[in-house]
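S.K.: One letter stands for each residue in the lines below.
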Amino acid sequence: MNKILLIIKREYLTRVRKKTFIISTILFPVLYLGLIFGMGYLGEKAKPKLHVAIVDSSGYFDKGRIERENQKDSSSILTLLTSSTDSLKKNFSEWNYDGYIVIPAQTNWESGIKNLLLNTGRTMGGEASGRVESKLNNIWNEIKNEKLGIDEGKKIILANSTVTVKSVNVNDEKANSSVASTIGYVAGFLIYFILLVYGSQVMMGVMEEKTNRIAEVIISSVKPFQLMLGKIIGIGLVALTQFFLWVAFIFIIYNVTQASGSNVGAMGGIVGKIQNAFSSINVWMILFGFTFYFLGGFFFYASLYAAIGSAVNEDMREAQSLSFPITLLVIFSIAMMPIAMNDPSGPIAVWGSIIPFSSPIIMMSRIPFGVPGTVPWWQLALSMALLIGGFLFSVWLSGKIYRTGILMYGKKPSWKEMLKWAFKKN
Amino acid sequence: MPLLELNHLRKYFATQKAVDDISLTIDKGQIFGLLGPNGAGKTTLIRMITGIFYPDEGEIIFDGKKFDPINDIGHIGYMPEERGLYKKMKIGEQTLYLAQLKGLSKTDATAKIKEWFVKFDMNSWWNKKVEDLSKGMSQKLQFVTTVLHEPKLIILDEPFSGLDPVNTNLIKDEIYNLAKKGATIIFSTHRMEQVEEICDHIALVNKGQKILDGTVQNIKQSYKENLFKVKFTDKLQAEHLAIHLFEVKQKTDKEVIIKLDPGYTNNDVLQYFINKGLHIESFNEILPSLNEIFIRLVEGTPTARQFQEVNN
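Chains as they are written, first to last, in my numbering: chain A, 1 to 426; chain B, 1001 to 1312.
Bear in mind the hints are in silico, worked out from the structure with no lab data behind them. Yeah, the Cβ is synthetic: ideal placement off N, Cα and C, and Gly gets one too. Careful, some of the hints might be misleading.
[To be verified] Partial selection, computed: residues in chain B whose CB lies under 8 Å from chain A: (1) Thr1050; (2) Ile1052; (3) Ile1060; (4) Phe1067; (5) Ile1073; (6) Ile1076; (7) Arg1083; (8) Gly1084; (9) Leu1085; (10) Tyr1086; (11) Lys1087; (12) Gly1092; (13) Gln1100; (14) Lys1102; (15) Leu1104.
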């Protein structure tokens, strides 16, 4: 037992002290947030501001309305021109317009205007013309309102009188499905990420011991099973450390913004929203579920990756081709996640969260919807029991393969041979 | 008193009888040479002694008791032929880690490492990484990690491969030292001249079976071919080399190698030459080298073992 602790300590410390760990722990959230905000910012910046000339033959549009609308919405600029269509067609780009729209003379306000053409010198994306369209629609609505005699007060009534539908789980009325799906999605994705990244770290670690030929030295001091288990636990703790550091970051940022930002308009609003959201879900249940499914899933997959690592030689391609079926199981689970989250009580979600190989990801995406509202206790219990059974089995099986594989050099074994190693006596 | 007794050990793999009924006794303080061609089963045998493999049959008695891998491997130091260390780990830390895995406490281990590092002039290495070391340097380090915990049994598989003569002597002296202090050493190799120099006792293994076992002197005696080398001060004439006593194997001007015919003794030969009036400068028996015995015993068996079906 003492020896396993030594191995865990070595595996943990050598990894946590590495620069790459520190950098990736800090950079991952920064890059992740940067990616989200950066994309949003770039998208916003890259939106072209269209200058469009309007030639109105119908007489409905006037300068005042267009001017008012330009002030309200600056994503495009409309200008009413009186020049002829022909000269506009020739000269619009010289006059610094991106395009022009001709409103036909036979326009009737009751039937509306269909199929207006935005004539431009280049190909426009749907979004750009959509913005011009909604702007013209706003102006058109005003014209209609005026014709129908609808004043400001009536307008507000019309705008606000809509029907909205929201689902409520009668078993768990607190459940907030949009927050739950966000948290479920993030949790499921995190587990997916950790399984793949740290699972392959286990595999590489085993391969390193094998190619450095230190494996035989070590297993003349400890049992191969201890070496494998120590490595898996050590690397698992590294992953857990990284996860809790991220949680701590979020917590600190949350508290700092709450302390300083409660009266800083927008930030305060967001904080308030987050606070509301968190009060509607069970944070402790989610943290407990995450830790359990993370550890269970990690043991399940990491031991399989360790077995693969022990079976192959230094060739990375061999390792990749042999570990592909296992990676596929992880990818399959993440692919199932959106289906499960759309219908968190449906059969795919239920079975996916019970079967051990997909349960770490699928169950984690369901738990935020509420226990026992969405996930009944029996399902959670069954899923946890099966996951424990599953990882005990996979650790046992991998231990057998590992024991033989770690001392084998030469040709890559087939799956059949590896199973033979697993089930032979001694 | 024997430190290690192997009784009828067997280990069969799917396609090979790697160790097929081997029994050995190794005494305390002995330097024991385990010889054999490639693929003879030496490594498998050693792996059973170090607790890496369980024997299919037979038993191992270690230090008077039935071998219990979990407790006894702390008393064994094993340097495999395929050696290795963590390349990216600092040398001091790594040595400490390996010593702790053998059951030493941190303070004990640190003290011993310092002692050995001074002895081998490795003090400046503590914070270096293994990847910074040359092959010979890392070999020295590997030796230190093998013997650091003062094992009762030290198993060295080809310990000198890749070492220059200076470091070879350094390690060789240490091996003698350790044996003098009471450690038992199993020395596995196919470099016969080293075996002859270092080992008290040897066993030769081929195709999973022990084909020879004994002290170096006894083995040489039992494989001698009654060859003698006689040197004369005078020039030899053809008529001096008569007929019945011996057969001439090789002859130069003043020297002859003869094979004694059965039934005659050394004295008969000397008597004969003296009677012929020759002046004898020296008279030596030629014992076969271990290398010759090794080749004689192993030759003719296929160099690579064939795969065979094993039913077990």
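S.K.: Hint by hint, note whether the structure agrees.
M.R.: Do the hints match the structure? See the list:
A hinted interface residue such as Thr1050/B counts as satisfied when its beta carbon comes closer than 8 Å to some beta carbon of chain A; here the least separation is about 4 Å, so the hint holds. For Ile1052/B, the suggested interface contact is upheld, since its CB lies about 6 Å from the closest CB of chain A, less than 8 Å. Because the beta carbon of Ile1060/B sits about 14 Å from the nearest beta carbon in chain A, more than 8 Å, this interface hint is broken. Evaluation of the Phe1067/B hint against chain A yields a violated restraint, the C-beta minimum of about 13 Å exceeding 8 Å.
The interface hint given for Ile1073/B holds, since its Cβ lies 6 Å from the closest Cβ of chain A, which is under the 8 Å cut-off. Interface restraint check for Ile1076/B: the shortest CB-CB distance to chain A comes to about 7 Å, inside 8 Å, so the restraint holds. Hint status for Arg1083/B relative to chain A: holds, with the closest Cβ pair at about 6 Å, below 8 Å. Contact between Gly1084/B and chain A, as hinted, is supported at the beta carbon level, the nearest pair being about 3 Å apart and thus within 8 Å.
Hint on Leu1085/B holds. Least Cβ distance to chain A is approximately 6 Å, under the 8 Å limit. With 8 Å as the threshold, the beta carbon of Tyr1086/B comes within range of chain A, its nearest partner Cβ sitting at about 6 Å, so the hint holds. The criterion of a C-beta within 8 Å of any C-beta in chain A is met by Lys1087/B, whose closest approach is roughly 6 Å, and the hint holds. Of the supplied interface hints, the one on Gly1092/B is violated, with its beta-carbon coming no nearer than about 13 Å to a beta-carbon of chain A, more than 8 Å.
The restraint placing Gln1100/B at the interface with chain A holds, with a minimum CB-CB distance near 5 Å, inside the 8 Å limit. At its closest, the beta carbon of Lys1102/B sits 5 Å from a beta carbon of chain A; the interface hint therefore holds under the 8 Å criterion. Evaluation of the Leu1104/B hint against chain A yields a violated restraint, the C-beta minimum of about 11 Å exceeding 8 Å.
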